[in-house]
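Peer 1: Below, each chain spelled out in residue letters.
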Amino acid sequence: METLKLAFFCWESLHSSFKVGGLAPAATHLAEHLARRGHEVHFFTRGEPGDAVINNVHYHYCLPFGDNIIEYCRTMSNMLVDAFRACDTPAFDILHFHDWHLVEAMHTLRDRNTVLSFHSTEYGRHGGNFGGWREFQEISGKEWYGGYIAKAVTTVSNSTKTEVMWLYNVPEWKVTVIPNGIDPDAYHLMVDPGEVKKHYGIHPLAPVVLFVGRLTYQKGPDLLIQAIPRILATRWDVQFLFAGTGDMRGYLEGMAHGLPVQFLGYVSDADHIRLLNACDLVAIPSRNEPFGLVLTEAWSAERCVVATDVGGLSENIDNYVNGIKVPVRPDSIAWGICHLIDDPAYMQKLGKAGRRNVMEKFRWDVVTERTLGVYRNLLAGGP
Amino acid sequence: MTGEDSNPPMVCLGFDIHYPCYLNPNFQPDVVKGKRNAKDSYFNPNTKEDLGRVIDRSFRPATEILLDLLDGGFTCAFSISGVMVEHLERWYPETLELLSRAATHRNVEVLAETYYHSVAGQFADLAEFEDEILMHRDLMKEHFSVAPTTFAHTDYPITPATAEALARAGIRAAIIEGNGEPALERGPNHTYTYRGLPVLVTHCDLSDDIAVRFPWREWDRWPLMADRYAEWLAVSPGDCITLFLDYRIFGDVIGSETGILEFLRALPSALAEEGIQTVHPSDAARLSPHGDIGETTVPGGPQSQQRTILQQSALEAVEEAGGLVADPAVWRCLLETDHIRRMAMRSPSCGKPLHAVSHQATYDYFASFMRILSHAEEQSAASARSPKSALALRCVPPDKAFYFSSHDRPAGYAAHSLQELANMLEFAPDDVIRYHVEREDFYRWIDQVIGDTKLAGKVRGVSHRRKLQLTIQKRIGKLWKRLS
Numbered sequence: 047m048e049t050l051k052l053a054f055f056c057w058e059s060l061h062s063s064f065k066v067g068g069l070a071p072a073a074t075h076l077a078e079h080l081a082r083r084g085h086e087v088h089f090f091t092r093g094e095p096g097d098a099v100i101n102n103v104h105y106h107y108c109l110p111f112g113d114n115i116i117e118y119c120r121t122m123s124n125m126l127v128d129a130f131r132a133c134d135t136p137a138f139d140i141l142h143f144h145d146w147h148l149v150e151a152m153h154t155l156r157d158r159n160t161v162l163s164f165h166s167t168e169y170g171r172h173g174g175n176f177g178g179w180r181e182f183q184e185i186s187g188k189e190w191y192g193g194y195i196a197k198a199v200t201t202v203s204n205s206t207k208t209e210v211m212w213l214y215n216v217p218e219w220k221v222t223v224i225p226n227g228i229d230p231d232a233y234h235l236m237v238d239p240g241e242v243k244k245h246y247g248i249h250p251l252a253p254v255v256l257f258v259g260r261l262t263y264q265k266g267p268d269l270l271i272q273a274i275p276r277i278l279a280t281r282w283d284v285q286f287l288f289a290g291t292g293d294m295r296g297y298l299e300g301m302a303h304g305l306p307v308q309f310l311g312y313v314s315d316a317d318h319i320r321l322l323n324a325c326d327l328v329a330i331p332s333r334n335e336p337f338g339l340v341l342t343e344a345w346s347a348e349r350c351v352v353a354t355d356v357g358g359l360s361e362n363i364d365n366y367v368n369g370i371k372v373p374v375r376p377d378s379i380a381w382g383i384c385h386l387i388d389d390p391a392y393m394q395k396l397g398k399a400g401r402r403n404v405m406e407k408f409r410w411d412v413v414t415e416r417t418l419g420v421y422r423n424l425l426a427g428g429p
Numbered sequence: 007m008t009g010e011d012s013n014p015p016m017v018c019l020g021f022d023i024h025y026p027c028y029l030n031p032n033f034q035p036d037v038v039k040g041k042r043n044a045k046d047s048y049f050n051p052n053t054k055e056d057l058g059r060v061i062d063r064s065f066r067p068a069t070e071i072l073l074d075l076l077d078g079g080f081t082c083a084f085s086i087s088g089v090m091v092e093h094l095e096r097w098y099p100e101t102l103e104l105l106s107r108a109a110t111h112r113n114v115e116v117l118a119e120t121y122y123h124s125v126a127g128q129f130a131d132l133a134e135f136e137d138e139i140l141m142h143r144d145l146m147k148e149h150f151s152v153a154p155t156t157f158a159h160t161d162y163p164i165t166p167a168t169a170e171a172l173a174r175a176g177i178r179a180a181i182i183e184g185n186g187e188p189a190l191e192r193g194p195n196h197t198y199t200y201r202g203l204p205v206l207v208t209h210c211d212l213s214d215d216i217a218v219r220f221p222w223r224e225w226d227r228w229p230l231m232a233d234r235y236a237e238w239l240a241v242s243p244g245d246c247i248t249l250f251l252d253y254r255i256f257g258d259v260i261g262s263e264t265g266i267l268e269f270l271r272a273l274p275s276a277l278a279e280e281g282i283q284t285v286h287p288s289d290a291a292r293l294s295p296h297g298d299i300g301e302t303t304v305p306g307g308p309q310s311q312q313r314t315i316l317q318q319s320a321l322e323a324v325e326e327a328g329g330l331v332a333d334p335a336v337w338r339c340l341l342e343t344d345h346i347r348r349m350a351m352r353s354p355s356c357g358k359p360l361h362a363v364s365h366q367a368t369y370d371y372f373a374s375f376m377r378i379l380s381h382a383e384e385q386s387a388a389s390a391r392s393p394k395s396a397l398a399l400r401c402v403p404p405d406k407a408f409y410f411s412s413h414d415r416p417a418g419y420a421a422h423s424l425q426e427l428a429n430m431l432e433f434a435p436d437d438v439i440r441y442h443v444e445r446e447d448f449y450r451w452i453d454q455v456i457g458d459t460k461l462a463g464k465v466r467g468v469s470h471r472r473k474l475q476l477t478i479q480k481r482i483g484k485l486w487k488r489l490s
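Residue numbers (my numbering), protein chains in the order written: chain E, 47 to 429; chain F, 7 to 490.
For the record, the hints were derived by calculation from the structure and aren't laboratory data. Being a predicted model, the structure only gives us computed values, none of them experimental. By construction, the Cβ of each residue, glycine as well, lies at the ideal position given by its N, Cα and C atoms. Among these hints, one or two may not hold up.
[Claimed, not checked] Result set (PhoX-like, lysine-lysine): computed pairs, CA atoms no more than 25 Å apart in a straight line:
{"no.": "1", "chain 1": "E", "residue 1": "LYS220", "chain 2": "E", "residue 2": "LYS244"}
{"no.": "2", "chain 1": "E", "residue 1": "LYS220", "chain 2": "E", "residue 2": "LYS207"}
{"no.": "3", "chain 1": "E", "residue 1": "LYS244", "chain 2": "F", "residue 2": "LYS394"}
{"no.": "4", "chain 1": "E", "residue 1": "LYS51", "chain 2": "E", "residue 2": "LYS244"}
{"no.": "5", "chain 1": "E", "residue 1": "LYS407", "chain 2": "E", "residue 2": "LYS244"}
{"no.": "6", "chain 1": "E", "residue 1": "LYS244", "chain 2": "F", "residue 2": "LYS54"}
[To be verified] With beta-carbon atoms standing in for the labels, derived distance ranges:
{"no.": "7", "chain 1": "E", "residue 1": "ASP364", "chain 2": "F", "residue 2": "ARG192", "range": "21 to 29 Å"}
{"no.": "8", "chain 1": "F", "residue 1": "VAL455", "chain 2": "E", "residue 2": "ASP377", "range": "14 to 22 Å"}
{"no.": "9", "chain 1": "E", "residue 1": "GLU218", "chain 2": "F", "residue 2": "GLU432", "range": "56 to 64 Å"}
{"no.": "10", "chain 1": "F", "residue 1": "GLU263", "chain 2": "E", "residue 2": "ASP364", "range": "37 to 45 Å"}
{"no.": "11", "chain 1": "F", "residue 1": "ASP289", "chain 2": "E", "residue 2": "MET405", "range": "33 to 41 Å"}
{"no.": "12", "chain 1": "F", "residue 1": "GLU432", "chain 2": "E", "residue 2": "MET405", "range": "35 to 43 Å"}
{"no.": "13", "chain 1": "E", "residue 1": "GLY304", "chain 2": "F", "residue 2": "PRO31", "range": "53 to 61 Å"}
{"no.": "14", "chain 1": "E", "residue 1": "GLY304", "chain 2": "F", "residue 2": "GLU446", "range": "18 to 26 Å"}
{"no.": "15", "chain 1": "F", "residue 1": "GLY176", "chain 2": "E", "residue 2": "GLU406", "range": "29 to 37 Å"}
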């Protein structure tokens, strides 16, 4: 196959000072894996001005400004379109946009071969609720428009696909499901779990349940905290670690008073991986989860999961084979955790099955190949 | 399923014949105050009657069936604990007679194990483990005129240290449990080597079909018949299937009304029908090894993580108690694996009776275990070289333990002895230590509960973690020296 010239538009990347959430690693790694296969990849994003080539990906930075998020994204779009035009000779084959932030750039370049990836929707980010305020409607409008003008759309899971089709009337033929990729070996580490637990002041043999993610309504940390008293009623030595921060933190700390819970705040990648490999169980109590990167990360570390039966989690977990799915309710989450927590052999079995699943479906090789499939289809004259 | 070779695997069937020293769950130190032999009240006072019931329901009928089968060419292995032989010799000599007829049968291999069916293999110091193996070997020689060479290592995962100790004790092969750490994720039906020692891995699913699921009417395979079971064995891939079952399964844990004894009776002919040969473990161990599984174990890795906090506390306490309890018989009865097993809510079954209890039950068991151990240590202190030192080193039951906590929440662990306190100081969070120092908790606990006024005075006002730990550790060393 001939090499392609690809443009990535994404408002965050791993190689700039702006990192917000799971979007950055997803887009950055995809770009790097495409570059590794010999394609020319240009990544248009925020950052201190000055272009750079990192891991064979060409980065073009801009520093946008604006009083609100909408304004901010508009200036960002304009700046990045200028940067794009500056290196558009020879012409780019594919323009790949990630999420809604740069839809205005896409509007300017709408005659080209554009691909829009939905990593989530505004509706989903609010835990499956509609909001009446301005930003909600502006952003939803952009997501609709992006889906309308894009030549091809990808989503990270079937449920996001359905959501996009339902919310924004995107026709099914336009949408391809491509999961987020992962490098399983980066998350698997030989550590002595007891040592890591001691580091956090936990008895080396206490079972530890880990929550990783932003402390926001969408991720459901409050559901897990509500579940804790029920878990302690059947087993009192379980300890809970919450890694990540977010707008609910103060509220959650109040809720967790007197419970065996620690809020670790933002943790570095190295600590994150150590925690993953030391904990006994990973809880994913999300109310809405387009994909659930935490899931593939936990599986890569051979950890078993108790997750809510929503979105990408629902699709990817095979119940009782590589994890346990429960309804979005504190008592159900408690049940799931209690069901596993005193059976280490069973937990190990589920975790190993999860790792096998990752090797099969979520390695970057597999994901990159599927992305290229979308590009090829588009170049061949339509999806 | 059988892969390329359609030969059915061989089967190696072992029985664990043992009756544990059950604790007296109602033991209270106040009740035995002033009584001379308090130790009688540590253990179940009705052991004789209870064992009699188990013999009537299980040991006798099962052994009679087996004797018939053995004459017919069936082969199996017996692992008979030393305590079991003692009990039988004392109370039921005719059953011992019956059992020894079976054990000395040419088609039976007698297995080695620890004399007291004990957890000594999990200790840091394996002297007791080796002693018990040798004691057991002498007993087997005396009663059944054999010196067993295959060791039943099925109650806790094998470690490099136990493998070495076994080799030193002249053991030439071991049976290990299929869901223990080194064996996990491997085809169980092969012979492996673990640090040079040939090991057979028990097949947990197939063992539990008998030990756990047999009487379960909701099971979609119920009722399990011997011919159906033999079919499963026949299509199981590998060279040799190892099954190691608690003998009490046959008739006692699973009552004879379920047909378990008929199942046992029909099994050999059903196996023969499928062309399955039964072999001795020592013969199976001579099959060419399928690989080495010793390398994959990480020292201090996941295998030791399978314990609960209660089990850990009890194990540490009982190991220390080796030097504190005057009567070795009491101490060794407390080493029984069943005690530790009951301190978890769910223990892997793998041929043993199903164990799934509430958290309260595990805690209650732990509490009575510690009450008895602590009482035995207190009683022995009087005759120690330095009674005061022995008292300071003793463990205490949960109601006297030191519970770590911060101002708003419990830390989730408690120290039951000075040594455990020192260990836990290593990882207790800073706010927890600060909280206890402010309230002078360390001082008061050591002074009033442990009763070591000298150490209490030294730790008073010390707020630095390392310094606290060092002070206590140094004192512990001194106390032990005084005892030796």
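Peer 1: None of the hints should be skipped; say for each whether it holds.
Peer 2: Right, here's what the structure says about each hint:
In summary, the hint linking E/LYS220 to E/LYS244 is not supported, as the alpha carbons are separated by about 51 Å, beyond the 25 Å threshold. The straight-line distance between the Cα atoms of E/LYS220 and E/LYS207 is roughly 10 Å, inside the 25 Å bound, and the hint therefore holds. For a cut-off of 25 Å, the pair hint linking E/LYS244 to F/LYS394 is broken: about 33 Å separates their Cα positions. Under the criterion of a C-alpha separation no larger than 25 Å, the hint pairing E/LYS51 with E/LYS244 is inconsistent with the structure, at around 50 Å.
Between E/LYS407 and E/LYS244 the CA atoms are separated by roughly 35 Å; this puts the pair beyond 25 Å, and the hint is violated. At most 25 Å may separate the alpha-carbon atoms for a hinted pair to count; E/LYS244 and F/LYS54 exceed this at roughly 46 Å. The beta-carbon spacing between E/ASP364 and F/ARG192, approximately 23 Å, falls within the hinted interval of 21 to 29 Å. Against the hinted window of 14 to 22 Å, the Cβ-Cβ separation of F/VAL455 and E/ASP377 comes to about 39 Å, which falls outside the hint.
A hinted range of 56 to 64 Å holds for the C-beta pair E/GLU218 and F/GLU432, which are about 59 Å apart. At roughly 39 Å, the beta-carbon separation of F/GLU263 and E/ASP364 lies within the given 37 to 45 Å, and the hint holds. A hinted range of 33 to 41 Å for the beta carbons of F/ASP289 and E/MET405 is consistent with their spacing of about 39 Å. Separation of F/GLU432 from E/MET405 is about 38 Å and conforms to the stated range, judged on CB atoms against 35 to 43 Å.
Distance hint check for E/GLY304 and F/PRO31: the Cβ-Cβ separation is about 31 Å, which falls outside the suggested range of 53 to 61 Å. For the hinted restraint 18 to 26 Å between E/GLY304 and F/GLU446, the CB-CB distance of approximately 23 Å keeps it satisfied. Our hint of 29 to 37 Å for F/GLY176 and E/GLU406 is violated, since their Cβ atoms are close to 47 Å apart.
Checked against the numbered hints given earlier, this structure breaks hints 1, 3, 4, 5, 6, 8, 13, 15; the rest are met.
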